[in-house]
Amino acid sequence: MKIRPEIQIFPFKLISKETADKITDELTRFDFVTNVSVHGPSIQSSQSENYMVGWIWIEVEDNNENVQKIIKDICDEFLPFGYNIEVGRFTKYKKGVSDYIKGLN
Amino acid sequence: MTYKAQFHPGSSDPSKNRKKYMDPEYKLQKIRSVSDEDVVRVLGHRQPGEDYKSVHPPLEEMGEPECSVRELVEPTPGTKAGDRIRYVQFTDSVYFAPISPYQRSWMYSYRYRGMDSGTLSGRHVVEARERDLEAISKELIESETFDAARTGIRGRTVHGHALRLDENGIMFDAMQRYVFDKSTGEVKYVKDMVGQEIPAPISVGKPLPEEELKTRTTIYRADGVTIKDDPEVLEMVQNVHWERSFGGFEPFKEAKFKEGL
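Heads up: the sequence lines are chains A and B, in that order.
Those letters in the first sequence? Residues 61 to 165, by my numbering.
Those letters in the second sequence? Residues 214 to 474, by my numbering.
With the rest of the complex left out, here is chain A (with noise of 0.2 angstroms):
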């Protein structure tokens, strides 16, 4: 199984869901990009599912210059109070010992 890169942005300040909605957008236009998931501490709130977003986790296939300079501007653009990016593995990509007894694929 292939384990691929993932590129994580770390913004200065806490982002609304409006605005990392923009940002996956522009991002899954992309075919270098297999996955984006987002993170961040919850709202209490009647709508459902209320939450501002602290982490961005961009999977790639291969993490190369031209992608984390697309990925930068993109950042730029929509983050103008500063960010971090980092590369590395943030999420799960493979079943564990506990998904394993619940049957999760």
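It should be emphasised that the hints constitute simulated quantities derived from the structure, not laboratory data.
The beta-carbon is built from N, C-alpha and C at its ideal position, and this holds for glycine as well.
It is possible that part of the hints are untrue.
To be verified - A short list of chain B residues far from chain A (calculated; beta carbon distances all over 12 angstroms):
#	residue
1	M235
2	H269
3	L272
4	A413
Unchecked claim - Some chain B residues near chain A, calculated using beta-carbon distances under 8 angstroms:
#	residue
5	E250
6	P290
7	L376
8	R377
9	L378
10	F385
11	M388
12	Q389
13	D436
14	T439
What the hints assert, rightly or not - Residues on chain A that point at chain B, a partial pick, calculated with CB under 7 angstroms:
#	residue
15	I75
16	I103
17	Q104
18	S105
19	V147
20	R149
Starting from the known structure of chain A, arrange chain B on it as the hints suggest.
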């Protein structure tokens, strides 16, 4: 020569602000005005206009025993009337909030009577008789120690003081008690302290700009004024640490501090 309390060492901005807030003779600057009714609504302990509930008859009717301490200490208005004990809790962001929980405790102790305060890492709770508490809350909300964006009135679900601010510079609140009105630039409370809806939004004004907050804060921060910028404060902190570490173990040992820390 009469002794004049210094309250806090140092001459940097945070030190000056700490001194100011702790000095009971300094009158807190009023930067906004919130009506009594709105304060009652935000606290949510009673409906505006409703009578205060009591836990005992007024002191005058109770016939207190003869006691020199009771004669010496004048009861607060809430105690005289026999009000319930209620609370108010403030959360202060780590991002240059005008005051932080520990200083709140110091400040309240110098300024208010008949209250019990509790300090936690990001929030500060104060308990007092209901009408005293309302007076304290009103003064605090209207004063310079409260910023619309970096201070929150939160009875529960206080999480958020150390989280990143949102895009508008507002401290995170999981219960969304306050909202930022983009058209006016003001912060409005739409829920009371514990998250119950209130009939009309209560405006607490515009958040202060970052530069202004940096001069008003009592927080030493690496990206603002640090403790190391203020030799007198550094000396005090090092002394406290020395006494804590060696005071009980080797009290005869002479304190040694690393130069240029």
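Tested hints:
For M235/B, the shortest C-beta to C-beta distance to chain A comes to about 32 angstroms, beyond the 12 angstroms cut-off, and the non-interface label holds. The beta carbon of H269/B is kept farther than 12 angstroms from every beta carbon of chain A, the shortest such distance being approximately 37 angstroms. At roughly 42 angstroms, the least C-beta separation between L272/B and chain A is larger than 12 angstroms, which holds for a residue marked as non-interface. Listed as outside the interface, A413/B is consistent with that label: its C-beta sits roughly 19 angstroms from the nearest C-beta of chain A, beyond the 12 angstroms cut-off.
For E250/B, the interface hint is violated, the least distance from its beta-carbon to any beta-carbon of chain A being 26 angstroms, above 8 angstroms. At about 37 angstroms, the closest approach between the beta carbon of P290/B and any beta carbon in chain A exceeds 8 angstroms, and the interface hint on this residue is violated. A least Cβ separation of about 6 angstroms between L376/B and chain A falls short of the 8 angstroms threshold, and the interface hint therefore holds. The criterion of a C-beta within 8 angstroms of any C-beta in chain A is met by R377/B, whose closest approach is roughly 5 angstroms, and the hint holds.
The beta carbon of L378/B comes within 6 angstroms of a beta carbon in chain A, closer than 8 angstroms, and the hint placing it at the interface holds. A least Cβ separation of about 6 angstroms between F385/B and chain A falls short of the 8 angstroms threshold, and the interface hint therefore holds. For M388/B, the interface hint holds, since its Cβ comes within 8 angstroms of a Cβ in chain A; the closest pair sits about 5 angstroms apart. Satisfaction of the interface hint for Q389/B is found here, the shortest Cβ-Cβ separation to chain A being roughly 6 angstroms, below the 8 angstroms cut-off.
The beta carbon of D436/B comes no nearer than 12 angstroms to any beta carbon in chain A, farther than 8 angstroms, and the hint placing it at the interface is violated. About 20 angstroms separates the beta-carbon of T439/B from the nearest beta-carbon of chain A, more than 8 angstroms, and the hint is not met. About 6 angstroms separates the beta-carbon of I75/A from the nearest beta-carbon of chain B, less than 7 angstroms, and the hint is met. Hint status for I103/A relative to chain B: holds, with the closest Cβ pair at about 6 angstroms, below 7 angstroms.
Interface hint status for Q104/A: upheld, as the beta-carbon distance to the closest one in chain B is roughly 5 angstroms, under 7 angstroms. Annotation: S105/A was flagged as interfacial toward chain B, and the flag holds, the nearest CB pair being 6 angstroms apart, inside 7 angstroms. For V147/A, the suggested interface contact is broken, since its CB lies about 21 angstroms from the closest CB of chain B, more than 7 angstroms. The restraint placing R149/A at the interface with chain B is violated, with a minimum CB-CB distance near 23 angstroms, outside the 7 angstroms limit.
Violated hints for the displayed structure, listed by number in ascending order: 5, 6, 13, 14, 19, 20.
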